[in-house]
Structure formats: C-alpha cells, structure tokens
Amino acid sequence: MVRKDLSVDFLGVHFENPFCLSSSPVGNCYDMCAKCYDEGWGGIVFKTIGPADFLIDEVSPRFDALQKEGTPFVGFKNMEQIAEHSLEENLSDLRRLKKDYPNKVLIASIMGPTEKDWEELARLVTEAGADMIEMNLSCPQMTSHAMGSDVGTNPELCKAYCQAVKRGTDLPVLAKMTPNITDMVPVAKACLEGGADGISAINTIKSICNVDLNRKIGLPIINGKSSISGYSGKAVKPVALRFIQQLRTGIPGVPISGIGGIETWEDAAEFILLGSTTLQITTSVMQYGYRIIDDLKSGLEYYMEEQGVDSLEELVGVANENLIPAEDLDRDYKVFPHIDQDKCIGCGRCYISCYDGAHQAIVWDEEERKPSCDEDKCVGCHLCVLVCPVGAISKGKVVMKPGREGSPEEKAI
Amino acid sequence: MTQEYMKEMKPAYTMITIMEEAERCLLCHDAPCSQSCPAGTDPARFIRSVRFRNFKGAAETIRMNNAMGSVCARVCPTERYCEYGCSRTGIDKPIDIGGIQRFVTDFEERIGMVILEKGPAKGKKIAIIGSGPAGLQAAATLLTKGYDVDIYEKNDKAGGFLRTGIPEYRMPNHIVDVEVKRIEDLGAKIILGKEIGKDLSMDQLKKDYDAVLVAVGVGKPNILDMFNGNEYAVPAVTFLAEAKAKEGKVDLPDNALVIGGGDSAMDAATTLKVLGVQNVTCVTRKELVDFRASKEELETARAAGVTIVDGYAPSAVDGKVVTFKHRKLNSELKIEADLIVLAVGQSSEAGGLGLTMNKNEVGFEGYHAGDNVFAAGDITLGDKTVVYAVRKGKEAAEAIDEYLGGK
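Protein chains in written order, with this note's numbering: chain H, 143 to 555; chain U, 118 to 524.
Hints in this document: simulated from the structure, not taken from any laboratory.
Some hints could be false.
Each computed EDC-like pair below joins lysine to aspartate or glutamate, with the alpha-carbon atoms no more than 16 angstroms apart [unchecked claim]: (1) LYS379(H) to GLU408(H); (2) LYS242(U) to GLU348(U); (3) LYS306(U) to ASP265(U); (4) LYS485(H) to ASP209(U); (5) LYS262(U) to GLU515(U); (6) LYS512(H) to ASP147(U); (7) LYS323(U) to GLU312(U); (8) LYS539(H) to GLU552(H); (9) LYS437(U) to GLU348(U); (10) LYS210(H) to GLU138(U); (11) LYS274(U) to GLU301(U); (12) LYS274(U) to GLU364(U); (13) LYS301(H) to GLU261(H); (14) LYS210(H) to GLU137(U); (15) LYS210(H) to GLU140(U).
Chain H with its partners taken away, still in its complex shape (with noise of 0.2 angstroms):
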C-alpha cells in the first residue's frame, strides 16, 4: 500500500489534500460540508455568499445532464444560482465549520452587485473565520446581470471589485474566471492588479444541454420555458485544460485552483500538470457523492508514486512547457500505424474510418476479415488508432517525409 503526502501550500495556506468542493449545490449548509470534510476532502469552496438584500429564487427542476449511448453525465447542466440561505444563515455555518474543523481549509465564495458590497462581504466572511476568499464573477446564470459572468467578461469592472474585496479583508483571494469569454487573460490580470493573489478556473460554459422535441423547448423545462446556463462535467474538461495552458503561457506561474470536469484522479493530475495547485469538484460530486474522494486521493498517490515524487507541488506545471503553439511543432515525419493481427478481431472499424474520414490507407481483406496500411496512402493521422475497440493498432515505424533533415530515430513519438 502506498501512502503519500498529498499536501499542498497554496496562496499561504496549508491544504491537506488539494481536492475542494467547488462553490456550488455540493457545499451548501454545515451539514454538507461537515460530511465532506468526514470523509477526507482537503477543503471546500463554501456555496456563493450574496448580500444580505439579494433573495435567491430558485427553479423548479433546475438540472439537465447530456448522455451519450450508455453514458450519463457526460455533461451537467445546473441553473441554481448562489447560496439561497440567509446571509446570517451562512456566515453562522462558517463560523461553524472553522471552528468545528480548524484543520480543513474553508474558502468562503462571494458575489455582489456593487463594491460596497464586495467589500462588505469580504469582511463578514473574514470576520466568520474563512481560510481564504473566492470571488464569483463568472455563474452564468444570475438573474441580475450586475452579477456573474457578465461581469466576469469586463477587466475593468472586475479588477475594481478586486480592489473592493482587498479593502475588506487581508485573506487570500482567488478570483474565478468565466469560461464564455475568447481570452482569459486580459481579465486574470486585470483581477491580480485589483489585488487578487491567485485564479480559479473554470466557472461553468453558457449551454443549452438538450431540446424536448415535442414540446419544443430547451431542457429543464419551467413552465413551457427554458434558458441558457452553465454546462460542467466530464465533457468541459479539455475547455478547461486549455484556458488553464493559456493563463499560465499568459501569466507565468500564477497561482491556479483547477475546476471542470474531474472525476478521476487522472482528470485531477491533468489539471495539475498544466498548473493547477488546487482542484475543485462539483458534478461528479452530485452524481456519485463525496465519496469520490477516495479514490481521487488513492490514485493519485499511487501517481506520485510511479512519478517518484514526494510533493504534488513538483508535478504542478511540468506539461505546460510541452505545448507550444502549432507552428512550432516538428512537422517533419510521420508514424506509421502498426497492426498487430493476433490481438486484431477482424470488426474493420478502422477500414471504415481511413476511407470515410482520414485518406483511405487501410486495406481491407475481405476474405481474411483483417486490415493492413498502405504505406504509399497513409499521412499517420492515426484515426485508427483511436477507433480501434481492442487496441491493436499503435504507433509504429516513423518515416520522414521526403526531402526533409533528420533521423527517424531520434524523434519523441
């Protein structure tokens, strides 16, 4: 059995594991966060606090989930908005929670409609005994467009409600990014210059999930209508992975809380290899709970056990000096596919596939029922690779292309 420390210091502040609840439905009253805590979550982005004077009117039902064949979940729909509990409500919680759970990281989210309120906010949540704050400029789905990814799109508004935030606490602060946006970056920066220590990304992407076909509206329905809302799990994690890549190019090592569509610890050291410190989770908590959490830890131990590292902190970015804009890559050679015909079970999907959407380069046997590459058609795009069910076909002998300098050996394929 091994057994690592998965700790992690994060904008001062010491995390037992970097796993966090996202500010969401999953961490919305003592009781639920209490039960995370119990079962080994290193901290939890409590539910978003509002001002006292914004009421939370909820949806009914409020969820979609995207499916694909067998599969459910493969992407969430959600439409709550912010903590619909009193303002003294949440603050009691927190006080709570630190009190009941000094050791667990609590990072209080908040969001209001003016400076004075962020600024307001910031103080009662530091007052209440939060870890570290969390600015929600990005839910896509606020009923007042003073509040949310709105304004998560307005570098200056943004950085003016960091300053306000600043003034009324000495916490750390991360402030999280909208995805609905073309470039992050002129907006994280414009946040770390009001004060801000460090980005959380990403919110959830403006979506429309599926459309009753009779009834002709947009799912979940509410009374014969819909609306446009946030869209998270598995299917956004390679948005997120990419804005994550684009901050830390953009702005060189800052400090990063990774969110969108981690399920696995996989998912999590993906986030982490291109620069998150810490990961907050929410769909895959709602689908299967927080036990999720063991497995995330246990996996990403064993991890950093075959990376042979002692500190998660040593893995934080590594793979972000391996992307590199396309023009830059090696466009030189070219990878065969090799099929191995004894674990090849004859079904010819890759046939189907270099004909109909690659370049016609598997030949099919029809009397054999096995493929073969015709070496003089196939440009190694490895479409086939990828449709293969039982993973008989991988790289094989690397070429390069005609006229150009270098040694197929010593290509990093």
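Position chain U against the provided structure of chain H, taking the given hints into account.
Using the frame of chain H, we list chain U on its own:
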C-alpha cells in the same frame, strides 16, 4: 409457481440498459451477424439504429424483413446464427442480438407502429393451411404483394406451435396475439376451427383459390411403442399445450421423468420445474456433446434444477418405472416417476392433404408440390426452427408469386 411460468424468464432491456448493450456492438464493417440469419435479418443495421437512437428505424429494419420479428427475438437459437460469428466474441461475449431485437419489437408494439402495408390488389386469392410461423410469414409476404389471403387453422386460436408448443415464459401468448393481429390488420382473414381434409376438402380449396399453401407443421406427437396405453405417459407437446392453455394451472406430479433431448424435452422439463415439481429428471439418448436442444435451452433447464442424464435410451417400461440402457456402456438405469413425458419427436399429417411425403418431409425440393399447391414450414426440407419457418414462408410466398406470374 404459475406466476413464474407466466412471466418472461429473461428480463427485458430498459431504455438505459439497451444503450449499454448497443454500445458494446463494434458496428463492424462487414458484420458477420447480418450474413448469418436464415430469415435474412440485418442485425448490424438495426443495432446501429439503436446506437444512434433511431428506434423506429430499427423496428422498420426488423419488421420489413420478418413478420415474426417479436417471436424470433424470443425463441431464435441466436447462438447458432447471428451471434455465432459476432466479432465482439473476440473481446468477451457476443452482442445479445435477440435481446436487442426484443427491445425494438416491444417498442414497436408499445407505440403501435404499423410498418407492413398491403400491396396494390392483384385480385387473386391464396389459401394457407396452418397459422404457425411459416403460414403467417407467407401470409404477410403475399399480402404485401397484393394477394388476398385466407388462413385456415384447425385450432380455435391462431399461432400454431408458437401458441401451443413453446412455454409462456419463453413465448408469451400475448406476443403471439400481437403478431397474428398485425397480419390480420394487414388484411389476412383467419378462419379458425376448420381442418382441411375434414371440415373442408383439399380439392375444394384448390378450386376456390388461385394457390394453396400447406404449412401444417409437424405437430402429431410420436409415442414409443412400449408406452402405448401407459397411463403415466404423456407426449411433451400435449403437456406443453395444456400447461400453456391453462396458464400453468395443471395437475402436478411429485416426480417427473422427461425422455428426449430436443427443445421440447427441455421446455417440458423446465416447465415442470418452474411450476413446482420437486424432482424432474430428463434422460436423453444422445450425449450432451451432440445435443439437439439449443445451448440456451439446455442452460435454462439446468438453471431451473432439472437433472439431465445423457447417453441412455429407454429399454423397458413397467407402469411408472422405466428402464434405460446406456448406448455404449454396459450400464442400466431405472427411474420411477408419477409422470412420464415423451419428447421423442413429432410427425406430420400433411400426407392426408395429398402431398407426397417422405416420413415427415415432403418428397420434393423447394416449395411447389404440383398443380396450384405449395408447401412451407417444418414439412419442407431444411431446418425445423422458427427462423427457418420464416425463411420458408417467405420463399414459398415468392414461389407462389412466380407461379402466378407476379401479377
């Protein structure tokens, strides 16, 4: 126990589990499943439709080809046909093609989908004798071609062996009703309780109709001579028919002995066990390696708790005590039972209809018996499964169409 008998043994897929099973399908380029159905079903096509959530399209693929789609989904020994060459076997086990077909045809029934349509009227009339799968399929094919079809059934309900010979837990009568109704809705007139050769002469039929199709099946049970007059012995088909007609509410013995190793033997033994008979022993002459019953049926019988003894043939009987001898070894077996079910094959009565018969099969290749008379189903050459009955029904209908000039 009758509750268990009345419920389909194999659970149906749900909207979620069907997607899981369809996802297992590799969607082969040259799908072996679609090249091995005797009835010409194209599983690769309908599984792909399910995979892409086009359930109506899937139902169309099945029904256009097979008027007995819901029946075949349940009783076809798929392990011998479509599932036999399944590429997925290279990974773990074949796709449950029968199960997927059942889901799709149940869906078709649930939404009341009407797929087959009567062809433009040709003004010609065909009589079909027998309403088993071959007769029903032939009727469907002829109707879609525009012929008028009358089906004569000697029993008081249509369906033939499907209704009487296959237990409810495998072939619910409700499904038979649905399949029959579809063909009636397509335009078939089914005349019940009329036996040709008894209530109406074959000659009359030949005069009244442009063509006559004999699809009477092989339904008369065989009896081993030593059991003649034995009060404990009953033919398997008789027992199965009674159990099905009475929805399982039949008198049960404490111990039962089934003699035979075909599908009817397995069905009878499993039915007895499911209904609550304590000890059910099935003795079969063939050894298990060359067993005639489908693998699934054998497994079902075993799972139900039937004791199967192979390699023994009955040599003598004294009341309720049967003596068996091993075919190869010097070994004897004596079994006493309160009920002895004989599943030792069936014979055809088609000879009475003027057909040249060679034992239970017609004495000619193909379907044309001479004059305007044709044959289909188990009495014709070839396999005796439901799926073959469907194939023969289709082919016989084509032969009739050709005989009548396709007009």
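Hints, verified against the model:
1. LYS379(H) to GLU408(H): holds (12 angstroms)
2. LYS242(U) to GLU348(U): violated (46 angstroms)
3. LYS306(U) to ASP265(U): holds (8 angstroms)
4. LYS485(H) to ASP209(U): Roughly 13 angstroms separates the two Cα atoms, so the pair holds.
5. LYS262(U) to GLU515(U): holds (9 angstroms)
6. LYS512(H) to ASP147(U): Cα-Cα ~11 angstroms, so holds.
7. LYS323(U) to GLU312(U): holds (15 angstroms)
8. LYS539(H) to GLU552(H): holds (13 angstroms)
9. LYS437(U) to GLU348(U): OK: LYS437(U) and GLU348(U) at ~8 angstroms, within 16 angstroms.
10. LYS210(H) to GLU138(U): holds (13 angstroms)
11. LYS274(U) to GLU301(U): holds (13 angstroms)
12. LYS274(U) to GLU364(U): Holds - the C-alpha atoms of GLU364(U) and LYS274(U) are around 15 angstroms apart, at most 16 angstroms.
13. LYS301(H) to GLU261(H): holds (13 angstroms)
14. LYS210(H) to GLU137(U): At roughly 10 angstroms apart (the allowed maximum being 16 angstroms), GLU137(U) and LYS210(H) satisfy the hint.
15. LYS210(H) to GLU140(U): OK: LYS210(H) and GLU140(U) at ~9 angstroms, within 16 angstroms.
Going through the hint list in order, the structure does not satisfy hint 2, though it satisfies all others.
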